[in-house]
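Chains as they are written, first to last, in the numbering used here: chain A, 59 to 655; chain B, 18 to 251.
Hints may contain errors.
Stated by the list, open to error - Which residues of chain A face chain B? A partial, calculated answer using Cβ under 8 Å:
| hint | residue |
| --- | --- |
| 1 | Pro149 |
| 2 | Ala539 |
| 3 | Arg541 |
| 4 | Ser546 |
| 5 | Ser551 |
Bear in mind the hints are in silico, worked out from the structure with no lab data behind them. Don't be surprised by glycine CBs; every beta carbon is placed ideally from N, CA and C.
Chain residues, written in single-letter form:
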Amino acid sequence: MTSSAVLLQLLNGLAGASSLFLVAAGLSLIFGVSRIVNFAHGSLYMLGMYVAVWLSGRVGFWAAVPLAALAVAVLGACIEASLLRRIYRAPELLQLLATFALVLLARDFALWAWGPEDLLGPRAPGLAGAVEIAGQAFPQYDLLLILAGPLVFAVLHFVLTRTRWGVLVRAATQDREMASALGVNQRWLFTGAFTLGAALAGLGGALAIPREPASLGIDLALISDAFVIVVVGGLGSIPGAFVAALLIGVIKAFCIGLGYSKLTLVAEFVVMAIVLILRPWGLLGRPQAEVRGTWTEVPIGRLSKRGAIAIALLALLLVVLPSLPDQYVLVLATDMLVFALFAASLHLLMGPGGMASFGHAAYFGLGAYACALAALTLHWSTAAALFTGWGAGALGAAIFGWFCVRLSGVYLAMLTLAFAQIVWSTVFQWDAVTGGSNGLVGIWPEEWLASRTAYYYVVLMVCSYAIFLLWRMAHTPFGYALRASRDSPLRASALGINVRAKQWESFIIAGSAAGVAGALFAFSKGSISPETLSVQRSVDGLVMVLLGGAHTLTGPVWGAAAFTWLQDTMARSVEYWRAGIGAVILVLVFARWRFSA
Amino acid sequence: MAILSIRALAKAYGGVKALAGVSFDVAAGEIVALIGPNGAGKTTLFNVLNGQLAADSGEVLLEGTSLVGCAPHRVARLGVGRTFQVAATFGSMTARENVQVALQAIHERHYKAETFLERVGVTERADTPCAAFAYGELKRVELAMVLAQRPRLLLMDEPTAGMAPEERGALMTLAAELARSENIAVLFSEHDMDVVFGFAQRVVALHLGEVIAEGSPDEVRSNPRLREVYLGDA
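Extracted from the complex, chain A is given alone in its bound form:
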């Protein structure tokens, strides 16, 4: 690589870093003040793009950019005032779910308003050409982007350090309770921070349209990038976000420039892993201040007599199910069982483990893909393929879990999501092995399991046994030690419990159970695609657990059954089913929070 090529890649990286910084800075700002990780931040960016493309056809590009930022800011203010304000004291998990519901609503809104096709943006008038840098052509507009990042950073820095409002924001970031005890009006502060954060996301999206088309999938792709940056830079630190965005942006550009575009994910992963090992709170972050008055978990009860009878009746129903005339019931029941196991495995982490995993689909997907590859490429028997899925889930969880247990709370949630996104992207890009976006087809079990009924019984046996084992675990010494580590890590370790080791073990157990669920899923569908391990799937798992109640052992299983049915019914009958599910999640979050508060 010549030095001029190096320079060009560096500039490319800096241009990409600017939009990443805008999004990550907004995310960090909102988190710092309100302690809410805004999952919908990528959606605000996406809306910024669409609005800017739409407006530039009417008022021209240069007017469209600030107007789009303004429109997204207003939307942000409305969201904060109408929804988020009600759940500031709710557990993190509920907050994250509420913002994810917004992702679904925003996605379907964009689909309704602008259709499913990518929208190409205009070129920036006056900056449509290229300049010659070190003998090579470089787009003029990218030079503007390179300047936009540091410029916004400087403005933000000024606002935060030199204005009264900024000082209050920093005070609240340091210690929310203390700031309010000193008489800071939190209401305006929170609305202001959210509005500014939304404006930054909208601006980032609007500025990006000459470089890339507005598309529906950009929301989740961007939010996971932003999570990586925020984890690397330190949550709540704007300078940290700036440094991390530059670092990641430049590394990405170099990987692409060297012709290893697939390496970008590995590079991101390696950077994040190194930073987390050396500085668990990010490059410029600091350990999270303890939040006073957190909510306490309630005891996990043993199965009541009525519960046991209900389960026995259900088991009987499931056994006789294949004799029903309607074969579709069997398809639905197979899905329900698979997702019941998936939800139960996630519950082990979330409930007894106290670790919110936002990337549980990674283990499900690893299991599904490993199983499919074992059957298709290696021609292994169905049983061997299912075991391979189990092993893949366990191995993935062992590797990712090792890093995750070093963190807690939202940091952990973001890291699990980032890992899942890395697995998703690898599967999506690795055409030769995983079939890329098309996925793998023709994954069928052996002859003797070929009938729907026979395979249904295998799924029924494996899932119910695995769920039984997971339930029983809560009352074993391991389950007690895990819950003890959640309730009070300090107390647990002073009693001789190796807290991290227990949490890591729970990751591996949960990952292997999810891997089994994924493997069973692959054979039941006959084909799998990257959607098998998308963020959407991870969040589905969270909704299932929440729907059934994270405080009970059996709840997640009922939640999985209900949610699978709901999704199936909605997807078949309603066009905008995502928005429907988003609305259901919002209602649930508010009902649950009101009920418990």
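Chain B: place on chain A using the hints.
Showing chain B alone in chain A's frame:
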């Protein structure tokens, strides 16, 4: 013989010396009080002893075995029990389950949780979740958990902080009786001088990270350096 030996222990936060060469011993069955004004380094010392903090230099020996560099769970398994300034229990579990966790953590199958709940006097509420306990009761449950592990050294960071005066004596009497009957070495930090002089056999006074007085309660009470630190008279 000394159960705990602390030698030239030092720990600084940035430029502030929280511990500046602390040395003393605690013998089996002996109850030693650690006193000193706020910021003297008492909690830092406890956190270094149980492995939550790494010391900058110095040595901590438990019956000759070095504890330096051991993680908290290792220190606990070597026989060091600890109660916290703000009692820490597992809120989602009943009192009985709390003690069971303590027993399971050291693979103790011989003893029953009830035995220890009985000793601290919370048998009636054994099946109540700890989240529903009054603070005084929580302190007792925490003590039962620690005692269930039959430690050789018991560290108690301000055991009576946050308790009603009448409860304080009861809790300390309990701890002292148990320590004597099990021959446990006890080190506790305390601000309440009635508790210190009522229960300690020996007193170690810390000030700005240094031991400024050490000896029997009477010796320490009359120590001029200590009077100066506490009362400001010379």
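Hint check results:
1. Pro149: The hint is violated - Pro149/A has no Cβ within 8 Å of chain B, the shortest such distance being about 14 Å.
2. Ala539: holds (7 Å)
3. Arg541: holds (6 Å)
4. Ser546: Since the shortest Cβ distance to chain B is 5 Å, the answer is holds.
5. Ser551: Status holds, d = 4 Å.
Hint violations for this structure: number 1 only, all remaining hints satisfied.
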